[in-house]
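There are 2 protein chains.
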Amino acid sequence: MAAKPLPVVSAFGWVPDFAKGRVRDLRIRWALEEVGQRYDTFLLDASKPRGDEYVAWQPFDQVPAYRDGEVEMFESGAILLRIAEDHSGLLPTNQQERWQAISWLFAALNSVEPSLMQLATVTLFYRDKPWSADAAAALMPFAQKRLRQLSDALGDKDWLAGEFSIADIALIVALKSAEDGLIAEQPRLAAYRARAEARPAYIRALAAQMADFSDTRPAATEGA
Amino acid sequence: MAAKPLPVVSAFGWVPDFAKGRVRDLRIRWALEEVGQRYDTFLLDASKPRGDEYVAWQPFDQVPAYRDGEVEMFESGAILLRIAEDHSGLLPTNQQERWQAISWLFAALNSVEPSLMQLATVTLFYRDKPWSADAAAALMPFAQKRLRQLSDALGDKDWLAGEFSIADIALIVALKSAEDGLIAEQPRLAAYRARAEARPAYIRALAAQMADFSDTRPAATEGA
Numbered sequence: 399m400a401a402k403p404l405p406v407v408s409a410f411g412w413v414p415d416f417a418k419g420r421v422r423d424l425r426i427r428w429a430l431e432e433v434g435q436r437y438d439t440f441l442l443d444a445s446k447p448r449g450d451e452y453v454a455w456q457p458f459d460q461v462p463a464y465r466d467g468e469v470e471m472f473e474s475g476a477i478l479l480r481i482a483e484d485h486s487g488l489l490p491t492n493q494q495e496r497w498q499a500i501s502w503l504f505a506a507l508n509s510v511e512p513s514l515m516q517l518a519t520v521t522l523f524y525r526d527k528p529w530s531a532d533a534a535a536a537l538m539p540f541a542q543k544r545l546r547q548l549s550d551a552l553g554d555k556d557w558l559a560g561e562f563s564i565a566d567i568a569l570i571v572a573l574k575s576a577e578d579g580l581i582a583e584q585p586r587l588a589a590y591r592a593r594a595e596a597r598p599a600y601i602r603a604l605a606a607q608m609a610d611f612s613d614t615r616p617a618a619t620e621g622a
Numbered sequence: 399m400a401a402k403p404l405p406v407v408s409a410f411g412w413v414p415d416f417a418k419g420r421v422r423d424l425r426i427r428w429a430l431e432e433v434g435q436r437y438d439t440f441l442l443d444a445s446k447p448r449g450d451e452y453v454a455w456q457p458f459d460q461v462p463a464y465r466d467g468e469v470e471m472f473e474s475g476a477i478l479l480r481i482a483e484d485h486s487g488l489l490p491t492n493q494q495e496r497w498q499a500i501s502w503l504f505a506a507l508n509s510v511e512p513s514l515m516q517l518a519t520v521t522l523f524y525r526d527k528p529w530s531a532d533a534a535a536a537l538m539p540f541a542q543k544r545l546r547q548l549s550d551a552l553g554d555k556d557w558l559a560g561e562f563s564i565a566d567i568a569l570i571v572a573l574k575s576a577e578d579g580l581i582a583e584q585p586r587l588a589a590y591r592a593r594a595e596a597r598p599a600y601i602r603a604l605a606a607q608m609a610d611f612s613d614t615r616p617a618a619t620e621g622a
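Chains as they are written, first to last, in my numbering: chain F, 399 to 622; chain L, 399 to 622.
By construction, these hints were calculated from the structure, which means they are not laboratory data.
A few of these clues could be false.
Since the list gives no way to pick one copy over another, a pair counts as held whenever it fits inside one copy or between any two copies.
[Unchecked claim] Restricting the straight-line Cα-Cα distance to at most 20 Å, the calculated cross-link-like pairs of lysine to any residue (SDA-like) are:
1. 418 / 614
2. 555 / 534
3. 418 / 577
4. 402 / 615
5. 555 / 417
6. 402 / 527
7. 446 / 550
8. 543 / 449
9. 418 / 518
10. 543 / 518
11. 527 / 538
12. 418 / 493
13. 446 / 411
14. 446 / 547
15. 543 / 440
16. 418 / 586
17. 555 / 451
18. 527 / 550
19. 543 / 441
20. 527 / 469
21. 543 / 444
Small disclaimer: the values here were computed from a predicted structure and weren't measured.
Just need the whole structure built from these sequences, with the hints factored in.
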């Protein structure tokens, strides 16, 4: 019998310093580390378009994309769900808790991450524009409100859905779009993040992403 | 044997005119109409906070939240997935096509909707601010790029994952965050939207949402 092929995760071989440790393939590496599943990476150059063949796999030309022995797919949230259905330990088995975790998986990606990303877009990509500070001041309360609601919902629980799940993986990586000071305003969230980032699987996943980054920007776009 | 209770969807009993027909409970009503599942609504007042009991159901104090005979949950994407697992016809059964549809479900919510929403936030909520036009001009290319990529991925297909699925429901409602002119730049997307919005289940769902809106803003906040 042929051995089942290792799953493959697409990732970048180089990114600007600010993005290191934050690229979304981290979610997939983390989930696979949690269940002890080895994987291969398919490394891409973040400094130029990846071409039609990759776009057929990942329609937005981003990472991560994923394939295992059976399916080829994209979007970190969807891939997390696939891995959780393929392996035990990443979603509760009780139906109510399972659907709470899936609710939180979507909430991390659709209710939390966008409010942090739109603020980061303005403060990071447009920081030199005259309107950047005013726009950031307007968007800040949205981000703060989301983090406050998130902290209230977490309450005294260790993890969003009771036990650790893919919802926590999605959310912790979403929180990387916020400045540390914004998280620090919510002590429960700061403690939750520290708890998550102390997990051996997270530490291994982060180290693996960092190890895949080349020190030098690819020559083809040097000076671009 | 007791009859299985109807599923319950939370929705608003009043919203400002610009939001009518766009509130995200539309996704749930549409999915339920597609499978012929009757439902009850739990109507809320959009003009004031909903209170602790509702927040325990929907942590961000938004709509939709959902409960059926077995689980209580939130987030439109998660609820769509729940309904698709409970009823046939909303996700392909072939594994590769099923996971493509789930990839697109997440893409609609995490890769498309946020780029349209951040533009809408600036042009709608801050249109009277001196920085609004400059910020909108900066964010516009992100939204246009996403719609172009989406159009390329759709190609000549009728639906995102081959057959109609919850991915189409999520995406069509996400497109409501864009100005019509932006969609019109991509003729394939405009045709795709027209095809989706001609489905009888969509028409019934939209009519049901509109019928639940009261004509008058709740008295408690009149003049607020």
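message: When Cα atoms must be at most 20 Å apart, do residue 555 and residue 451 count as within-copy, between-copy, both, or neither?
response: Classified as between; 18 Å across copies, 44 Å inside a copy.
task: Up to 20 Å between alpha-carbons, please classify residue 555 paired with residue 417: within, between, both or neither.
output: neither (30 Å within a copy, 35 Å between copies)
query: How would you classify residue 527 and residue 538 at a CA-CA limit of 20 Å: within, between, both, or neither?
result: Close inside one copy (17 Å) and across copies (16 Å); limit 20 Å.
task: Evaluate residue 543 and residue 440 at a C-alpha cut-off of 20 Å and name the case that applies: within, between, both or neither.
output: neither (38 Å within a copy, 24 Å between copies)
message: At most 20 Å between alpha carbons: which applies to residue 418 and residue 577, within, between, both or neither?
response: Answer is within; shortest intra-copy Cα gap is 15 Å, inter-copy 35 Å.
message: Cα distance capped at 20 Å. Does residue 555 pair with residue 534 within a copy, between copies, both, or neither?
response: Close neither inside one copy (31 Å) nor across copies (40 Å); limit 20 Å.
Intra/inter-copy verdict for residue 402 and residue 527 if alpha-carbon distance must be at most 20 Å: neither (52 Å within a copy, 58 Å between copies)
20 Å Cα threshold - placement of residue 444 relative to residue 543: This pair counts as between: shortest inter-copy Cα distance 17 Å, intra-copy 33 Å.
Alpha-carbon proximity between residue 418 and residue 518, which holds within one copy, between copies, both or neither at 20 Å: Answer is within: at 15 Å inside a copy they meet the 20 Å cutoff, but 30 Å across does not.
message: If the cut is 20 Å between Cα atoms, do residue 418 and residue 614 qualify within a copy, between copies, both or neither?
response: within (13 Å within a copy, 51 Å between copies)
task: Evaluate residue 446 and residue 547 at a C-alpha cut-off of 20 Å and name the case that applies: within, between, both or neither.
output: For residue 446 and residue 547, only the inter-copy Cα distance (16 Å) is at most 20 Å; the intra-copy one is 38 Å.
query: At most 20 Å between C-alpha atoms: does residue 402 with residue 615 qualify within a copy, between copies, both, or neither?
result: So residue 402 and residue 615 fail the 20 Å test inside a copy (35 Å) and across (60 Å) alike.
The structure is inconsistent with the numbered hints 2, 4, 5, 6, 12, 15, 16, 18, 19 and 20, although it conforms to all the rest.
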